[in-house]
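S.K.: The lines below spell out each chain.
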Amino acid sequence: MGKQRKFLILVLILALIGFFGYNYLYQDHRDIKTETSQLEITAPYLLERFKKNDAEDLLNKTITVTGIVTDLEEGAITLEESVYASFNESFSNVSVNQKVSIKGRCIGYDELFEIVKLDQCSLIK
Amino acid sequence: MKTTTIFLIICFACVASAMGQGKYATKTGQINFEASVPSFEEVKAKNTDVSAVLDAASGNFAALALMKGFRFKVALMEEHFNENYIESSKYPKATFKGTIQDFDISEVAGKKEYLIKGTFNLHSVDKNMEVPAVISVNGDVVSLTAHFVMHPEDFNIKIPSIVSNKIAEDVNVSVEFNLQQQ
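Chains A and B, in that order, give the protein sequences.
Start counting the first sequence at 1; every next residue gets the next number (UniProt numbering).
Start counting the second sequence at 1; every next residue gets the next number (UniProt numbering).
Hints were generated in silico from the structure; no laboratory data involved.
Careful, some of the hints might be misleading.
No farther apart than 30 Å at their CA atoms in a straight line, the calculated lysine-lysine pairs in the DSBU-like style are these [stated by the list, open to error]:
#1 A/K33 - B/K112
#2 A/K52 - B/K127
#3 B/K90 - B/K166
#4 B/K90 - A/K61
#5 A/K51 - B/K112
#6 A/K61 - B/K46
#7 B/K90 - A/K33
#8 A/K33 - B/K127
#9 B/K90 - B/K73
#10 B/K46 - B/K112
If you're wondering where the values come from, they're calculated on a predicted model, not measured in any experiment.
All chains should be built: construct the whole structure from the sequences, respecting the hints.
M.R.: Set out below in structure tokens:
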């Protein structure tokens, strides 16, 4: 009786360790779309912060950027030639010269094009 | 986890371009790297937002990849890559600057192999490399693909011994750029 109970408890503990261990190792990716954005900023000002080296704390953060669309391509929107936002999902109803707000993850400053890049973006109206 | 992988980053691409003049560029170049060891979890990542610029007249080529743009299948692996190995908050980008040897866009005709000589900068370490690349020209698009091997220790990226058997020492990197005439 006592032995059986000990055995059961041991099995239970192992199962719990396995469960939490697995969840830790295979945790889900962040879902940028449902995260609350930590900053709202205009596209030119975001670029200016990176040029002044005053934006390290924004890396990997979910932020909302507003601006006029200056370029549209498949899967990406450029705001005021300052911010390049790439999308995993498709988007519609966006046209050049329109003002939009985009939520995404800030991944850094691209010196080649002098542009700030966001990925996993979604449009918020 | 394995981080070795890290390096990869780089990109380079290069390109040739067409028609002899002009600048070619892309913001959606791809870099894949893999440092998997058989029977362990695959160590593999992809970045599809790599920038690259080619000056067709001189053969000068530059590419830049933001390290946080590398996506892994396993979220924890991505976190370890960024925080422990590549230290992407401290060193957010990897760059390549180089020249395509004997490049003349008018001679590309279809597909041609070139050697690109240049400098990788990754994890704030510079390393000179020669990378063979295949370049093709199609209208106003220059495509450049390359495959090469990198070693984390060359870039001062340390893999703890506890995971070193799960990360290959040779990191296979492949890059692809479709550069549009500007």
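S.K.: Determine for every hint whether it applies to the structure shown.
M.R.: Hint check results:
1. A/K33 - B/K112: Violated, because 43 Å separates the two Cα atoms, which is more than 30 Å.
2. A/K52 - B/K127: Holds, at about 28 Å.
3. B/K90 - B/K166: 25 Å, holds
4. B/K90 - A/K61: 15 Å, holds
5. A/K51 - B/K112: 38 Å, violated
6. A/K61 - B/K46: 20 Å, holds
7. B/K90 - A/K33: 26 Å, holds
8. A/K33 - B/K127: Judged against 30 Å, a Cα distance of about 38 Å means the pair is violated.
9. B/K90 - B/K73: 23 Å, holds
10. B/K46 - B/K112: 25 Å, holds
Comparing the model with each numbered hint stated earlier shows that hints 1, 5 and 8 do not hold.
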